[in-house]
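Working from the sequences, and respecting the hints, build out all of it.
Using my numbering, the first residue of the sequence shown is number 937, and each one after it goes up by one.
If you are wondering where the hints come from, they were derived from the structure by calculation, not from laboratory data.
Please note: incorrect hints may appear among the correct ones.
For lysine to any residue, the following SDA-like pairs were computed, each having C-alpha atoms within a straight-line distance of at most 20 Å [to be verified]: (1) K993 to A978; (2) K1044 to E1032; (3) K993 to N974; (4) K1011 to L1001; (5) K993 to P962; (6) K966 to R998; (7) K957 to I988; (8) K993 to M959; (9) K966 to S1015; (10) K993 to T975; (11) K966 to N1007; (12) K993 to A982; (13) K1049 to Q1039; (14) K966 to I988; (15) K966 to F1008; (16) K1011 to G972; (17) K1011 to T975; (18) K957 to E1002; (19) K1036 to A1048; (20) K966 to R1012; (21) K957 to S990; (22) K1050 to D1040; (23) K1035 to L1045; (24) K957 to L1001; (25) K993 to L958; (26) K1011 to M968; (27) K1011 to A978; (28) K1042 to L1052; (29) K1011 to Q1021; (30) K993 to Y979; (31) K957 to L995; (32) K957 to P997.
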Amino acid sequence: MPKIDLNAEKKQREMMLVSDKLMLTPDEAKEMLNIGRNTLIAYTEAGFIPFIWSGSKRLYPRWGLEAFAYNFAFKRIDSQTLEVQHVDNDYLELIERLKKENQDMKSKLEVAKKALS
937 MPKIDLNAEK KQREMMLVSD KLMLTPDEAK EMLNIGRNTL IAYTEAGFIP
987 FIWSGSKRLY PRWGLEAFAY NFAFKRIDSQ TLEVQHVDND YLELIERLKK
1037 ENQDMKSKLE VAKKALS
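Take a look at the structure:
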């Protein structure tokens, strides 16, 4: 007679990767966002991160965490006041400036080569 493992479902749930889950626990959510539990709760209560109640437990939808990370990539949240400030990170402008600086360096290098020859 085969043995019946009463904890098989629990083991299977534990083995499921976080990336395979649609709803995450607070511990999984904070790990995914690389923030602390208190910060996660503060952002949740401020309305930045959506959640649902499952009994007495909060669950975070994966899409909500991904949307938070995407939408706040160029913003800074003050941890005390929870005020959101935009951070100026215009990468296209930065790339153009670096290209121009690179061209200037190449021109100076060409002038230096001509002067040495």
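Evaluated hints:
1. Straight-line distance between C-alpha atoms of K993 and A978 comes to about 16 Å, which keeps the hinted pair within the 20 Å bound.
2. Under the criterion of a C-alpha separation no larger than 20 Å, the hint pairing K1044 with E1032 is consistent with the structure, at around 18 Å.
3. Of the supplied pair hints, the one linking K993 and N974 holds, its CA atoms being roughly 15 Å apart against a limit of 20 Å.
4. In summary, the hint linking K1011 to L1001 is supported, as the alpha carbons are separated by about 15 Å, within the 20 Å threshold.
5. Note on K993 and P962: the hinted pairing holds, with a Cα-Cα distance of about 9 Å set against a maximum of 20 Å.
6. Restraint check for K966 and R998: the C-alpha separation of about 12 Å stays at or below 20 Å, so the hint holds.
7. Only pairs whose Cα atoms come within 20 Å are accepted, and K957 paired with I988 is accepted, the gap being roughly 15 Å.
8. With a C-alpha separation of about 12 Å, the suggested pairing of K993 with M959 holds against the 20 Å cut-off.
9. Restraint check: the Cα-Cα separation between K966 and S1015 comes to about 15 Å, which is no more than 20 Å; the hinted pair holds.
10. A distance of roughly 17 Å separates the Cα atoms of K993 and T975; the hinted pair therefore holds under the 20 Å criterion.
11. Note on K966 and N1007: the hinted pairing holds, with a Cα-Cα distance of about 17 Å set against a maximum of 20 Å.
12. With a CA separation close to 18 Å, the supplied pair K993 and A982 stays within the 20 Å bound.
13. Between the alpha carbons of K1049 and Q1039 the distance comes to roughly 15 Å, so the proposed pair stays at or under 20 Å and holds.
14. Taking the CA atoms of K966 and I988, the gap is about 16 Å. The hint holds against a cut of 20 Å.
15. With a CA separation close to 15 Å, the supplied pair K966 and F1008 stays within the 20 Å bound.
16. Under the criterion of a C-alpha separation no larger than 20 Å, the hint pairing K1011 with G972 is consistent with the structure, at around 18 Å.
17. Among the hinted pairs, K1011 with T975 is consistent with the structure: their alpha-carbon atoms are about 16 Å apart, no more than 20 Å.
18. In summary, the hint linking K957 to E1002 is supported, as the alpha carbons are separated by about 13 Å, within the 20 Å threshold.
19. Pair hint K1036 plus A1048 holds up; C-alpha atoms about 18 Å apart against a cutoff of 20 Å.
20. With a CA separation close to 17 Å, the supplied pair K966 and R1012 stays within the 20 Å bound.
21. For the hint linking K957 to S990, the alpha-carbon distance of about 15 Å falls within 20 Å, and the restraint holds.
22. With a C-alpha separation of about 15 Å, the suggested pairing of K1050 with D1040 holds against the 20 Å cut-off.
23. Between the alpha carbons of K1035 and L1045 the distance comes to roughly 15 Å, so the proposed pair stays at or under 20 Å and holds.
24. The hinted pair formed by K957 and L1001 meets the criterion: a straight-line CA distance of about 12 Å does not exceed 20 Å.
25. About 15 Å separates the Cα atoms of K993 and L958, which keeps this hinted pair within 20 Å; it holds.
26. At most 20 Å may separate the alpha-carbon atoms for a hinted pair to count; K1011 and M968 meet this at roughly 18 Å.
27. For the proposed pair K1011 and A978, the alpha carbon gap of about 16 Å is at most 20 Å, so the pair holds.
28. At roughly 15 Å between alpha-carbon atoms, K1042 and L1052 fall within 20 Å of each other, so this suggested pair holds.
29. Between K1011 and Q1021 the CA atoms are separated by roughly 5 Å; this keeps the pair inside 20 Å, and the hint holds.
30. Using a Cα cut-off of 20 Å, the hinted pair K993 and Y979 holds, with the two alpha carbons roughly 17 Å apart.
31. At roughly 11 Å between alpha-carbon atoms, K957 and L995 fall within 20 Å of each other, so this suggested pair holds.
32. Note on K957 and P997: the hinted pairing holds, with a Cα-Cα distance of about 9 Å set against a maximum of 20 Å.
Violated hints: none; the structure is consistent with every hint.
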